[in-house]
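Trainee: Single-letter residue listing:
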Amino acid sequence: MEKVILIKYGELSTKKNNINFFLKKLKENILFALQDFDVEVTYDLGRMFIHTLSPDKVIDRIKNVFGIHEINIGYIIETTELDIVKEEVLFLLNKKEFTTFKVESKRANKKLNTTSIELSKNLGAYILKNKDGLKVDVNNPEILINVEYRMNNTLVYFDEFKGLGGYPVGTLGKGLLMLSGGIDSPVAGYLTIKRGVKIEAIYFESPPHTSLEAKNKVISLARKLALYNNDLILHIVNFTEIQEAIYKNIPHEYLITIMRRMMYRISAIIASQRNAKLLVNGESIGQVASQTLTSMSAINEVVSIPVIRPLACFDKLDIIELAKKIDTYETSILPFEDCCTIFVPKHPVINPSKEKCHEYEKLIPYKDLIYEAIKTHEVKKITAKENNDEFKDLL
Amino acid sequence: MIYLDYSATTPIGFEVLDTYNKTSKDFFGNPNSIHELGVKSKNLMNSATKQIAEIFNINESEITYTSGATMANNLALIGTAMHNHKKGKHIIVSKLEHPSIYAICDYLSSLGFEISYVNNDEEGLIDFDDLKSLTREDTILVSICAVNSELGIRQPLKMIRQKKKKENPHTVFHSDMTQAIGKVSISMHDVDLATFTAHKIYGPKGIGVLYKSNNIAISPILFGSGKMNMLNPGTPAVPLIVALSKAVRLATTDIEKKERFIERLNLKIVDALKKYNGIMINKTKYSIPHILNISLRNIKAETFLHALEEFEVYVSSNTACSSGTLSTSVMAVYNDKVRASSTLRISLSHLTTTDEINKFINYFDEIYRKLSGLHN
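So the protein sequences, as listed, match chains A and B. Quick note on the numbering used here: the first sequence kicks off at 1 and runs consecutively. Quick note on the numbering used here: the second sequence kicks off at 1 and runs consecutively.
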């Protein structure tokens, strides 16, 4: 009897003509997540099989792969002979504790001279006879025993785990996530990846106003996202000169508005360089002054690339809950200043006017500054697994 | 030299010492400093902590570094007592604990806490019925060591946890794992609090760990600056921490393989010593092979120890921390004063060689003949 892992696709099965593209990508992503395991992955239109010697560890790992709706542990019994199947199923069930069950049979092998319903009844009766204290419950069984009689063998499965759902990463193109050290943007990135969009991320630093620790914090957030994203490219842009120019020359109530406009411009240019089709950020309507509708409109007007805000209509508490779920919350709340929290005016404008933005921006040579910032920006590849090589010989 | 006292302390591993030296030299920055040098030290320290957390499958925030097991036991027991004193003042410990646990219990008792000592059966296993009858609504803490330091008796922590939970789910469960880590595989998830120290696992002296599950809270008993080490504030001992992490990694690798080898050495000694009338082997079916305890009839353990010392063979009488008195652990298991009054502990390591054991057996024979003749 061989143990296999069974993967069900869920939403993917609604794709008709290009389902093969999705499945190929899903297989690729699964293999990427399991790169340090010895596995074999096969699939048909209904599901995917993973053959491995360490199923528990593999399941732990693929629980983080998008595009998987459900994961089952299956057992392949090398025969379709009913008496042997019955014994093997009983053997498997003896390791489990439960009180109610239901058997569901599928019969691909039509040579079996009976119906699926008969097969279920037959097996169910055998289980009842040989294991004490059990009841059949067809509506709400504690475990559902699936038995598929195939041409040369029989597949049995009853343990199921929920997958993350969503689409396989990379099936829907690429986006650029504006990643700060806060709670929201990593969650926005996660939700975007979930829809099959592979992301790169951009982070603005302002040394010496922001510290190395703030940067390390963003790198560890990027690492958490890399787990779902098959690694992640992080663009680190030095924003000091732009930020200082704004601070020195522009009325302080417009600091944040103009700063955000600069960030959007830089992001749009890097997105187009990297062939990313959209910008993603963690803005949520009304959360802060720069996230009122007027502010969003005044900031958004500087770019023509679509800007997706997955959290636009989320409450803060719901965002925090998601951040905890994806394990970014604890990192996000570490107290290091990022460039959105330094140079904060006492009274930022809530309803900025576009005309004033245009007028004020003339006061600084922003095109040159942006050009310089993009030219010198740092590109860092972040792997899901921390590269501890730096300390390897010490540890 | 034939060193057979590995349960008292171990020689520091060459690689571990190397880590200590390099870290002291290259990462001297204070991890509490926010400049680059400090951040570098902090990153290294965090990586070291992460490695320990991964090995024991726990959260990094559940690890507190201490100066050793005694300090960790103090933080655990006193911290739990202080945090829960309004809920109750009753504490249960076993009769097989390290003396440091009893010393802390004496202190807590002077503060008005009530200490109960749970019985064990003749194999040294905690008596579940007694534990059940002792556990009350106001029992705030149960502390039972994972492996006893004198007889090497291993307790089934998971079962103890289940029994305890049934009687009082709020009681905190602490285990001194000093003699268990690196010798047997163990799960921190069976307990709420656990303690161990580096110098028993070929690490440096002066560094230990308190594991505190994030599911429970204890009161700090030490106060200082910095937010990193709430239970043991102050500048973290980065070189010791990194060396500890390395020692943990090395000690938890190939545990079963090492254990099988040590088991063979243990049996070889037992085989040789059981022929003497005046020797009693204090070994139950729950004793781990790393620790072998014997009682000497008619010969003072200390005399025997010093006689062995002349051949540069080093063992313990009772334990290093409590020599001179009756062995509490042997009393607890055998309830025999003669047996408990003169005990030797021979503790083995994967570093011990068969040749050393052969020599030890010969020296033992020579000394035994000489000393037992004196008393006859």
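No lab work stands behind these hints, which were simulated from the structure alone. A hint or two may mislead.
Here are the computed distance ranges between Cβ atoms for each label pair [as the list claims (entries may be wrong)]:
hint : chain 1 : residue 1 : chain 2 : residue 2 : range
1    : B       : Asp254    : A       : Asp44     : 28 to 34 Å
2    : A       : Asp44     : B       : Asn168    : 21 to 27 Å
3    : A       : Asp315    : B       : Glu54     : 33 to 39 Å
4    : A       : Leu31     : B       : Lys205    : 26 to 32 Å
5    : A       : Asp38     : B       : Lys205    : 27 to 33 Å
6    : B       : Asp254    : A       : Glu87     : 36 to 42 Å
7    : A       : Asp315    : B       : Lys166    : 36 to 42 Å
Just so it is clear, CB atoms sit at the ideal spot from N, CA and C, and this is done for glycine as well.
Trainee: Next, verify each hint and record whether it holds.
Mentor: Here is how each hint holds up against the structure:
no., hint, result
1, B:Asp254 to A:Asp44: 28 to 34 Å, "42 Å, violated"
2, A:Asp44 to B:Asn168: 21 to 27 Å, "54 Å, violated"
3, A:Asp315 to B:Glu54: 33 to 39 Å, "35 Å, holds"
4, A:Leu31 to B:Lys205: 26 to 32 Å, "47 Å, violated"
5, A:Asp38 to B:Lys205: 27 to 33 Å, "42 Å, violated"
6, B:Asp254 to A:Glu87: 36 to 42 Å, "38 Å, holds"
7, A:Asp315 to B:Lys166: 36 to 42 Å, "41 Å, holds"
Of the numbered hints given earlier, the model fails hints 1, 2, 4, 5; all others are met.
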